[in-house]
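*Asks:* Chains as they are written, first to last, in the working numbering: chain Y, 1 to 259; chain E, 1 to 262.
FYI, nobody ran anything at the bench for these hints, they're computed from the structure.
Quick caveat: nothing in here was measured; it's all calculated off a predicted structure.
Careful: at least some of the hints might be erroneous.
As the list claims (entries may be wrong) - Beyond 12 Å from chain Y on every Cβ pair, some chain E residues (computed):
1. Gly24
2. Phe72
3. Gln130
4. Ser137
5. Leu200
6. Ala205
7. Thr208
8. Leu249
9. Val252
10. Arg262
Claimed, not checked - Simulated pairs of lysine to any residue, SDA-like, Cα-Cα distance not exceeding 20 Å:
11. Y:Lys123 with E:Phe33
12. Y:Lys123 with E:Pro40
13. Y:Lys86 with E:Leu60
14. Y:Lys86 with E:Phe33
15. Y:Lys20 with Y:Glu77
Stated by the list, open to error - So, partial list: chain Y residues that the calculated Cβ filter (under 7 Å) puts toward chain E:
16. Leu65
17. Ile119
18. Asn121
Each residue gets a CB set at the ideal place from its N, CA and C atoms; glycine is no exception.
Letter by letter, the chains look like this.
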Amino acid sequence: MEKPKLKPANNEGEPVISIKGLHKSFGKLEVLKGIDLTVHKGENVAVLGKSGSGKSVLIKIIVGLLKPDRGTLNVLEKEVEQLNGKELDELRLRIGFSFQSSALYDSMSVFQNLAFPLIMNVKHLPKKEVEVAVEEALEAVGLKDKAEQMPAELSGGQRKRIGIARALILKPEIMLYDEPTAGLDPITSAEINELINEVQEKYNTSSIIITHDLTCAKNTCDRIVMLVEGQFLPSGKFDELFNTDNQQVKDFFSYNFIQ
Amino acid sequence: MIEDHTKKAVISERIDEYFLGVYGAYKFVLRFFKEVFVPPFHLRAIIVQSYEIGLKSLALISVTGFIIGIVFTKQSRPSLEDFGAASWLPNLVGIAIIRALGPVLTALICAGKVGSSIGAELSSMKVTEQIEAMEVSAINPFKYLVVTRIVAATIMVPLLAMYCIFIGLIGSYINVHAAETTSFTTFFKDAFSSITFIDLFAATAKATVYGFTIGVIGCYKGFNATKGTHGVGKAANEAVVLAMFLVFLEEVIIVQISNWMR
Numbered sequence: 001m002e003k004p005k006l007k008p009a010n011n012e013g014e015p016v017i018s019i020k021g022l023h024k025s026f027g028k029l030e031v032l033k034g035i036d037l038t039v040h041k042g043e044n045v046a047v048l049g050k051s052g053s054g055k056s057v058l059i060k061i062i063v064g065l066l067k068p069d070r071g072t073l074n075v076l077e078k079e080v081e082q083l084n085g086k087e088l089d090e091l092r093l094r095i096g097f098s099f100q101s102s103a104l105y106d107s108m109s110v111f112q113n114l115a116f117p118l119i120m121n122v123k124h125l126p127k128k129e130v131e132v133a134v135e136e137a138l139e140a141v142g143l144k145d146k147a148e149q150m151p152a153e154l155s156g157g158q159r160k161r162i163g164i165a166r167a168l169i170l171k172p173e174i175m176l177y178d179e180p181t182a183g184l185d186p187i188t189s190a191e192i193n194e195l196i197n198e199v200q201e202k203y204n205t206s207s208i209i210i211t212h213d214l215t216c217a218k219n220t221c222d223r224i225v226m227l228v229e230g231q232f233l234p235s236g237k238f239d240e241l242f243n244t245d246n247q248q249v250k251d252f253f254s255y256n257f258i259q
Numbered sequence: 001m002i003e004d005h006t007k008k009a010v011i012s013e014r015i016d017e018y019f020l021g022v023y024g025a026y027k028f029v030l031r032f033f034k035e036v037f038v039p040p041f042h043l044r045a046i047i048v049q050s051y052e053i054g055l056k057s058l059a060l061i062s063v064t065g066f067i068i069g070i071v072f073t074k075q076s077r078p079s080l081e082d083f084g085a086a087s088w089l090p091n092l093v094g095i096a097i098i099r100a101l102g103p104v105l106t107a108l109i110c111a112g113k114v115g116s117s118i119g120a121e122l123s124s125m126k127v128t129e130q131i132e133a134m135e136v137s138a139i140n141p142f143k144y145l146v147v148t149r150i151v152a153a154t155i156m157v158p159l160l161a162m163y164c165i166f167i168g169l170i171g172s173y174i175n176v177h178a179a180e181t182t183s184f185t186t187f188f189k190d191a192f193s194s195i196t197f198i199d200l201f202a203a204t205a206k207a208t209v210y211g212f213t214i215g216v217i218g219c220y221k222g223f224n225a226t227k228g229t230h231g232v233g234k235a236a237n238e239a240v241v242l243a244m245f246l247v248f249l250e251e252v253i254i255v256q257i258s259n260w261m262r
């Protein structure tokens, strides 16, 4: 099930994320060694790489959870490094982040999980509007009937969906997915992939999808980049990378993918 | 923002870690005072936390305070009787419970119950990325999770201490009444006869300091937990041990100050 091409792969639109020469180290471990990446409006980009290669670090830098050591990062025409706390929060409202662990608030019901970012960020929002927004987000992920359940009562796939719904509640322009299909069975993974495509179409988001699941990358992304030893290999469409002569890419694909 | 420990050790890793911990706690407290007076105040969350810390500790405080009142009176009676001073029992109990036992006992119970609960809850939220999820939703987790809990603990522990004192005195009264048929009014009149305003002020003030300490330590340990389930247990455990230690330390200091004032 390849990604439905409702529109041409967009790598010519305005850039929404522009990264240049980004470095990040943890102690002596240099994770990102001067990476460059541009994501255009409406584009889904997959970042592939081995576990521990720094993929999640990259999106945490994009959303301002981690500070880069060097390099420039422009997100939605804002230089992230130069933003103060309030400006960073304003930028974060335009970015949706789906965590690998879903990161749902344990002590809140599904409804409260989704309503929480809305209530906290939009002052004096009428209760009715919150209910409508939550209902809409739950409908978008196909879990309208789970509003009153607690996160502990949901399956892994449902938790991922709710995590995505929570990210969508503020209508973001960019979605960052951290391992959206990790730990899920193939059928649920396929459902999540389909959801990622639906989100892009319905909300017109640009996305970075961190994954080591080639099926997910193939079915959801316009372009794929591979992070190897802290640097990006040249990006391309799935088939271009699949048929590449680069040994590092070939190793990754041949190990990982069942056609 | 996630902490990034990229610097080399100055003395040795363990010594550096200790001083960095102290410095981290100092910065944590400063950040609390910086954020506590700035809106939004999250009053609803403070009320919820006050309920969790206060109302849910009532049963434990009631039982412990009552037993301490009875036992302390029962154990003190023979010594006073030896000097023919059994009638001073209410005075002794009043001084002991109001000045020391009530606040300290409440603080120790809360350090165990509330401190561990805050430490475990926040550390669990940290390791499951719930705190980061708040940050990326443009919600200040320090303000929402930490400030509300510290404020609630600072308000509720002195209230619980007052309640513990009252229940302790009730326990003591029952023992005294059983032995000497002293009336309720006489007992309380005697119990408070040696108590001055400074005693009541010191008891309230130190219970407030204990509440603040328990809140800060629980939140600091939970908020800075290392990754993994091991970190959750460690944070909860350290929150209790450190809070209890600091409560005793503060008790010594505050007793010195109140004696000096008296």
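*Asks:* Does Ala205 (chain E) really sit off the interface, with its C-beta more than 12 Å from all C-beta atoms of chain Y?
*Replies:* holds, 33 Å
*Asks:* Is the interface hint for Ile119 (chain Y) satisfied, with its Cβ closer than 7 Å to some Cβ of chain E?
*Replies:* violated, 10 Å
*Asks:* Starting from Lys86 (chain Y), check that the Cα of Leu60 (chain E) is at most 20 Å away, please.
*Replies:* Answer violated: Lys86 (chain Y) to Leu60 (chain E) is near 43 Å, above 20 Å.
*Asks:* Just checking, Gln130 (chain E) versus chain Y, shortest CB gap more than 12 Å?
*Replies:* violated, 5 Å
*Asks:* Does the no-contact call for Ser137 (chain E) survive, Cβ to all of chain Y over 12 Å?
*Replies:* Violated, since 4 Å does not exceed 12 Å.
*Asks:* Please work out if Lys20 (chain Y) and Glu77 (chain Y) have their alpha carbons no farther apart than 20 Å.
*Replies:* holds, 14 Å
*Asks:* With 12 Å as the threshold, tell me whether Thr208 (chain E) passes as away from chain Y on beta-carbon distances.
*Replies:* holds, 27 Å
*Asks:* Less than 7 Å between beta-carbons is the criterion; does Asn121 (chain Y) satisfy it with respect to chain E?
*Replies:* At 6 Å from the nearest chain E Cβ, Asn121 (chain Y) passes the 7 Å test, so the hint holds.
*Asks:* Minimum Cβ separation between Leu200 (chain E) and chain Y greater than 12 Å?
*Replies:* It holds; Leu200 (chain E) is separated from chain Y by about 37 Å at its closest Cβ, greater than 12 Å.
*Asks:* Beyond 12 Å on every Cβ pair: is that true for Leu249 (chain E) relative to chain Y?
*Replies:* holds, 33 Å
*Asks:* With a cut-off of 20 Å on the C-alpha distance, tell me whether Lys86 (chain Y) and Phe33 (chain E) pass.
*Replies:* holds, 19 Å
*Asks:* Classify the label on Gly24 (chain E) as holds or violated, using whether its beta-carbon is more than 12 Å from each beta-carbon of chain Y.
*Replies:* Label holds. Min Cβ-Cβ 17 Å, cutoff 12 Å.
Of the numbered hints stated above, those contradicted by the structure are hints 3, 4, 11, 13 and 17, listed in ascending order.
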